[in-house]
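Participant: Single-letter residue listing:
There are 4 protein chains.
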Amino acid sequence: MDKVKVAILGGSGYTAVELIKLLLRHPGAEIVAITSRQSEHIADLHPSLLGRLDLRCEPFDPDALKSKGTQVVFGCLPHGTSMESIPPLLERGMRVIDLSADYRLRDVKVYEQWYKETHHDQKNLAQAVYGLPEVYGDKIVGAKLVANPGCYPQTAILGLAPLVANKLIELTGIVIDSKSGVSGGGRTPKLSFHFPECNESVTAYAVGTHRHTPEIEQALSDVAGAPVSVIFTPHLMPMDRGIFSTIYATLTRAVTEAELVELYRSYFADKPFVRVRTNPPATKDTTGTNFLDVCVKVVRGKVLVLAAEDNLVRGASGVAVQNFNRVFGFDERTGLM
Amino acid sequence: MDKVKVAILGGSGYTAVELIKLLLRHPGAEIVAITSRQSEHIADLHPSLLGRLDLRCEPFDPDALKSKGTQVVFGCLPHGTSMESIPPLLERGMRVIDLSADYRLRDVKVYEQWYKETHHDQKNLAQAVYGLPEVYGDKIVGAKLVANPGCYPQTAILGLAPLVANKLIELTGIVIDSKSGVSGGGRTPKLSFHFPECNESVTAYAVGTHRHTPEIEQALSDVAGAPVSVIFTPHLMPMDRGIFSTIYATLTRAVTEAELVELYRSYFADKPFVRVRTNPPATKDTTGTNFLDVCVKVVRGKVLVLAAEDNLVRGASGVAVQNFNRVFGFDERTGLM
Amino acid sequence: MDKVKVAILGGSGYTAVELIKLLLRHPGAEIVAITSRQSEHIADLHPSLLGRLDLRCEPFDPDALKSKGTQVVFGCLPHGTSMESIPPLLERGMRVIDLSADYRLRDVKVYEQWYKETHHDQKNLAQAVYGLPEVYGDKIVGAKLVANPGCYPQTAILGLAPLVANKLIELTGIVIDSKSGVSGGGRTPKLSFHFPECNESVTAYAVGTHRHTPEIEQALSDVAGAPVSVIFTPHLMPMDRGIFSTIYATLTRAVTEAELVELYRSYFADKPFVRVRTNPPATKDTTGTNFLDVCVKVVRGKVLVLAAEDNLVRGASGVAVQNFNRVFGFDERTGLM
Amino acid sequence: MDKVKVAILGGSGYTAVELIKLLLRHPGAEIVAITSRQSEHIADLHPSLLGRLDLRCEPFDPDALKSKGTQVVFGCLPHGTSMESIPPLLERGMRVIDLSADYRLRDVKVYEQWYKETHHDQKNLAQAVYGLPEVYGDKIVGAKLVANPGCYPQTAILGLAPLVANKLIELTGIVIDSKSGVSGGGRTPKLSFHFPECNESVTAYAVGTHRHTPEIEQALSDVAGAPVSVIFTPHLMPMDRGIFSTIYATLTRAVTEAELVELYRSYFADKPFVRVRTNPPATKDTTGTNFLDVCVKVVRGKVLVLAAEDNLVRGASGVAVQNFNRVFGFDERTGLM
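Chains as they are written, first to last, in the numbering used here: chain U, 9 to 345; chain E, 9 to 345; chain X, 9 to 345; chain Z, 9 to 345.
Since the list can't tell identical chains apart, any single copy or any two copies may satisfy a pair.
In silico DSS-like pairs for lysine-lysine, Cα to Cα no more than 27 angstroms straight-line: (1) Lys310 <-> Lys175; (2) Lys29 <-> Lys11; (3) Lys124 <-> Lys305; (4) Lys74 <-> Lys11; (5) Lys305 <-> Lys198; (6) Lys117 <-> Lys310.
Because the hints were derived from the structure by calculation, they are not lab data.
Next comes chain U alone, as it looks inside the complex:
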């Protein structure tokens, strides 16, 4: 079978380099172009790629991408910029898997409220599929535009899905306390990510205002068939990568921990990337993989869910490849195991 020709928009950041490494190992993908404002060799931007990919970045040009036979474009641009670049690609018949937030929220008003920006591409938003394969799997097959999910939301949505699907918890007041490595903040230097500032330290940020809140609520409301609201608090940890979410919810009826473990095992039985564990996972168990580890506990009448993932793989580029597999009909695990 011919390989799918792939382009990447925005090659200079952490999700791009992670995606490139995954695609280089994928038997069904061929990287034909990478765009970046700097026309540098990709190994000058990411020395780890030296000897692995001999490609020079090019300016963004939809026609040039098309003429190279590009079938699918992975968007690694910031939100706001994404919705400017993606429409001309879709017009030219290329598929898009967008890692930004621009096509994740169905309701433009919610987007504009949380992102403080006007949405310029409502047309394509209407056909975008939220790319969380374990929940929206069938819709992703053959999709033209996949909105790749955020890093934090995946831990929250998958961690809670079995509970809300089975009406086992109250749908308001759910507490999601998340801890993330620094790579989640991107590659642009700023004081809060300066090594001697964030090393050997823990802090919370965007308390009550983080943009992943509505994304979590939208997906969980879909699963519940009713509105869900959460309190989401992200924290910055002194490590490169990894997200650990500790989730607290109130049970609607008495249920044992053993029953919940069984429920989780059953719910995720055919989901190869979700590992149900009986002990708390450590983010390190998931580093470099597309696994999302979950553990469910009952403590004093509350249910606790512990969920861990690698924020750059499962949280971004790995799930993007998982979506790629679904879009193009590969086995979901191809290139990811």
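Add chains E, X and Z to chain U, keeping to what the hints say.
Facilitator: Positioned in the frame of chain U, the structure of chains E, X and Z alone reads:
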């Protein structure tokens, strides 16, 4: 004024070395003895003390300590061992500030339930004072036996005290999600604290079973004048020191964030070691100090308290010196600023 | 083509888990057995393997390994233990790639002097091949017993090979200053690798006595055709993995940096895992890969070589797979790119 | 005795905050002013100072500093900027302890060659004293302008001083391999100090071109009474603070390690901040202190010196206070033990 003669039990761990450094700077304290099973020079156990303290550790011998004129003993032994060593010291008229958990819980049954050990010293337990100066300050003055508080509990108790004292939150179902550096686990090598295991990783431990739970509840119940119950989840962070607790509670009546900030400022106005902040603190802001930083937020009808401290200073040895100051009539800040 | 049936001795450590991950991706290898003193499931020893390898460890039994059709055994045991376990495997016709030091030093006296142990298997030592493919490549093809090289030596040997092969430096007094992540010290907890001890700290160890010294000298003497002697100083860095060696040698004749870069490029032209760079490499550029990055500089008449690798991949399990490829006739890069 | 009135130029960086903390503990110093381009409260720039120093930064104005009674100014500005700001302070009779490099090199040509800048203040350069108390102690007493030494040079100069003073090593070709924490690079965010770039990684930088090279050579030449030349290679370590230098030199005559240890002990007998050790120091032993730990070893005819310090305390602000003590006649240890 003559210096108070001080001895330290159990010189080999992290709280001991931190305490020694604090006491060396204290104008009113003189270290006359340090006990340890190994009769090593203290600088062989802790090379950082080379050139700062020329003292050889000695075996535990209450009479020997007494004969050196020891007025107060800081206990840096593990729980269980502490309650064996402390009675003979009290009998000989020495005061004790115990950093273990053995004298913290007034109810022996609660101790035995959580610590899975029989309590052997109920007599002295009855007269022990819980050494959290901001809450039990007057009782500590002149006390014979101070039970120095745990590291996690201080963040939870001080973080919540203004709220429970003013009946502003529901007293059950309070969520305390705490993140700690590795030094909190002590100095004995074990796999979970082996560098390549815990570095670059986050995990939760002792979910629903951590022994600081009843300690938090006892103190908060005192403040509330009614039973308080909490869900406490500790996490291990890849850093040496620092605790960050994120606390979630349900408001009993509508109150603004500004009102809460004002309440906190007022509550801690005469407490020099609690800093009320309007932005989330970082543990690094407190490293090496006896400060406990708190920040209160209202998010979607819940109140969030963020509290940060250095687990070895504020969380153990610093508050022990603060207690020492109260016991012996020094200004609370002596040697700590 | 049938897959080569592989067994691993000593499944509980870091080189074993790294090797397992590499072999799981290798199209020509099948893991049929893993031995360990504990008969645990491999995912209990290494939670990261959950869902990736369903195999229970077994006690060491050469006949059992043979009966499973094992063609090659990777030894991940400590030195001393290795030379006890390997002879019965060779007798039964299995090939061995040994990651310990037991078969690296041709001269038993040198082994016994540095390792302070009697060597019990001189017979097989005589036929062992030192498994540094870039230097001893042809000898490895079809070898029965490969002594996989040490982590530090590879940076020193490959970093200096072009210089000593071309008689460009003096062969005595070469300074090798190496910096390693903590995983190089193995997985057994001890105080020096306890997180709060080695985090946020740098120190040197085994100054003048490290056992990799004679290994470096043996290989460089082979390349030079004359005795080479080095001063080797290892240091411990607060990070999981990575080795960076800074090497200082005295030029025997005037040569420009540009000429040396050209020489290195030419020397490593057909070595896919050595990347010659003109700027100092960072260990992070090599993390998770089998690459060894080298950079050569001339400073005030001395030549400096900077060499970086991942100590667990290139330094141990990756080069073991590279050796496996040579032994069994696969392309050298199989499973490693 | 009245306290010495102190001002600090350039309050926003790491050396400034460290200096402030040291001066707050110093019984003979009073901070009367801190300058910064931003007129912020010092606790907004450095949250760790909250509740410890209530002072707003002010723009640089020599007359304003003079009118506050400032007796000494600590310069925490970058090189280049320092030599613009310091002359007007000296003119107005204030003393200056400058932490930049502008007054360290006596030979303007050497300065201009390594710093690539024209030197604008040769007049004051002529009277500047190099502030390494263990070597230039007497000259610092009562000095008007002290050039505080660089962080790396102190480890190299003090590590080698006993050897060069006693003509025990060859004076050329000395190798100084130094490893530093990231705070040495300052507080301005840039990619190389962005957490996910430098964490979990080691690299060398400024190979053969680092500006501390001539500073090391100037001081060692003073000690030797003859020209000294060195090869100095700095490396970046994933930690906040600490410098570890491994120094390699060639002995001019046979001498035992025991003799060298004795020599070092004798040389530093009256230097309270240099600790001579027989085992390799770890940077962590010196963290937060003004100690510089040295260890001397003989390996295969070479002498190795291992030297460790805290780059922000001993390497910058601590030695600045030590110089302050000498300038104003305090005991050298005041405020530093």
